[in-house]
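Chain S is already provided as a structure; the job is to place chain Z on it using the hints.
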Amino acid sequence: MHSAAPDIDPRLAEEPAQALPQSQWRIVLRRFLRHRLAVAGAVVVVLLCASALFADVLAPHDPTLLETKRRFLGPLENMAFLLGTDELGRDTLSRLLYGGRVSLAVGLVAMLTTVGTGLVIGLVAGYYGRWIDDLLMRFVDTMLCFPQVFLLLVVAAFVPPTLLSISLVIGLTSWMEVARIVRAEILHLKEQDFVQAARALGAGGARIMFKELLPNAIAPVLVAATLRVATAVLMESYISFLGYGIQPPLASWGNMLTNAQGYFDTVPFLAILPGAMITLTVMSFNFLGDGLRDALDPRLKMD
Amino acid sequence: MLQFIVKRILHSIPLIIGVSLIGFGLMHLAPGGPLAVYTLNPTITAQDIERIKIVFGLDQPVHVQYFKWAKGMFTGSWGYTFFGGRPVLNVILERVPATLLLMGSALSIAIVVGMFVGILGAVRRYSLFDYLATTGAIFALSFPTFWFGLMAIYVFALNLRWLPSGGMYELGAEGDILDLLRHLILPTMVLALVIVATWSRYARSSFLEVIHQDYIRTARAKGLRGPAILFRHAFPNAAKPLIALLGVQLPFLFSGALVAETIFGWPGMGRLFVDALTMKENPVLMGMMMFTAFFVIVSNLLADIGVALIDPRVRLT
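Residue numbers (my numbering), protein chains in the order written: chain S, 27 to 329; chain Z, 57 to 373.
Next up, chain S with everything else stripped away, as it sits in the complex:
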């Protein structure tokens, strides 16, 4: 869904002549920093990762501790429970922090699965071409015929839901776009001189694919990977919301919403908070990915 062609900001085209030659990554970084929303996205992503990593230090309470005497505390009602408590008296802030850990972990593992699968299939299809390419690309087309949520829910309902299995299921139902991107990149790259040179030097298929082609195709993969974390977080929250994802008592933003739905008309903030966290996370990754795409676009290269 995120493959709309980026366009070139005319302000970027008028680069002042540089006295010193700059490394490519320097240029990318400079261009990235100009994209304010992307920088904001990057900052939020770092903060979210840090809060997930240090959830056990930051959380004021045990996220699974039940205390029925203090059910449904409102936000700021009791300073010991900054964001209030849920229907079982569990501290919402602590649950949000631990839920974030789960959501980001799923997002990351799912993204790695997606990118790993997509890379290998795209590389092999693009490099070997002919019937291997035909076969793999028909497989990609076939997978794309199924609505992802249908496929995801069916498989998620079949496997025992653990953090790892859910991440793998999400990853294995969403690698097709990455495979197509990588294949397109490889088809373009493999005709170039440096690949011919490597082949002339006697390099084998695996070596050419992973040492020569892959490093040169990394930019679009990086962008896709960032955007994939966003989709994975969204997917996890959705299947957890429906009850086929992360299971209670383990908190995830998705299953927090399931519980909150029942008390929607009386305590809406229980539903607002996890939803806002999902939105914030997904949006930050989306802006970050968008900024990366603009910064890495080879059409903007200045030399």
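None of these hints come from the bench; they were simulated from the model. The structure displayed is predicted, hence computed values, not measured ones. Quick reminder that beta carbons are idealized off the backbone N, C-alpha and C, glycines included. One thing to keep in mind: the hints can contain errors.
With the Cβ distance kept under 8 Å, some of the chain Z side facing chain S (calculated, not the full set) [as the list claims (entries may be wrong)]:
| id | residue |
| --- | --- |
| 1 | I78 |
| 2 | L82 |
| 3 | W203 |
| 4 | L236 |
| 5 | L286 |
| 6 | L341 |
Listed next, the stretches of chain S that the computed footprint assigns to chain Z, with coverage defined by at least 3 CB atoms under 8 Å from CB atoms of chain Z [claimed, not checked]:
| id | region |
| --- | --- |
| 7 | 176 to 185 |
| 8 | 213 to 219 |
| 9 | 258 to 266 |
| 10 | 282 to 292 |
| 11 | 309 to 320 |
Taking CB as the label site, the calculated pair distances span [stated by the list, open to error]:
| id | chain 1 | residue 1 | chain 2 | residue 2 | range |
| --- | --- | --- | --- | --- | --- |
| 12 | S | A223 | Z | K63 | 35 to 45 Å |
| 13 | S | F295 | Z | G321 | 21 to 31 Å |
| 14 | S | Q287 | Z | L77 | 34 to 44 Å |
Frame of chain S, contents of chain Z only:
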């Protein structure tokens, strides 16, 4: 043209075979296999299972089972539901109109709004409007749709009491068009949000690509007015990727409809899917997977033919 259509139809045959293999494979990989409801039922003995296996032909080799199943898929005998024993095809078909109504209304709103926003953004590139529209699109793509739906229910149904919170008709008002429209507004809005975002992004980039080409400059040089250039000259070329998008977007549309239908209790295919999932109604699940996949293949085919109608160059490749 005929040659193109035939070639394109032949091209979808491997897709149909692939889809059926994945569908069949999933059904057999499910824990308990195709008999999940029976094996998980403690009152059914192992001998009963063996007998059921023979009745369903599950004692035969896998490839024989596959061909039998595939033949059933093509001839419309999609098996029977475990609970109630109704033909799966009928169960699915009676849910199709509700989903098509929801998807159709969301898609038409999304296309009109998305095209408008996208074209205006492309014409006035880097204006404040363009900036807000492109940023807003990423914003809309980041919303968890189900949460957006819950919030919409909270605001418009529970607080303002303007619209009903779910379902298709009030009790006793079945068939009342106005009542249906009132129920349609919120799910349509929720489903349209994401599609508007995608359409405006695609419309913007495909128009940007076209309006900087030489033939547009020629049209401008010979003194044509802006709207004439935009709609007579730019539109047909810019519309090509958008027609293709229509075909490609369909799976997303089904996914989105599933989300909207579960939140709003809309009695369509998405709702049926989630219900079948809780009831472990594997025949219904597999039937739905095959049905949507087939629908996607056919609409991609139609989209490709549509592009070929506009652009003769496509026919020759």
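Status of each hint after checking the structure:
no.: 1; hint: I78; in the structure: holds, 6 Å
no.: 2; hint: L82; in the structure: holds, 6 Å
no.: 3; hint: W203; in the structure: holds, 4 Å
no.: 4; hint: L236; in the structure: violated, 24 Å
no.: 5; hint: L286; in the structure: violated, 18 Å
no.: 6; hint: L341; in the structure: holds, 6 Å
no.: 7; hint: 176 to 185; in the structure: holds (count 7)
no.: 8; hint: 213 to 219; in the structure: violated (count 0)
no.: 9; hint: 258 to 266; in the structure: holds (count 3)
no.: 10; hint: 282 to 292; in the structure: holds (count 4)
no.: 11; hint: 309 to 320; in the structure: holds (count 4)
no.: 12; hint: S:A223 to Z:K63: 35 to 45 Å; in the structure: holds, 39 Å
no.: 13; hint: S:F295 to Z:G321: 21 to 31 Å; in the structure: holds, 24 Å
no.: 14; hint: S:Q287 to Z:L77: 34 to 44 Å; in the structure: holds, 38 Å
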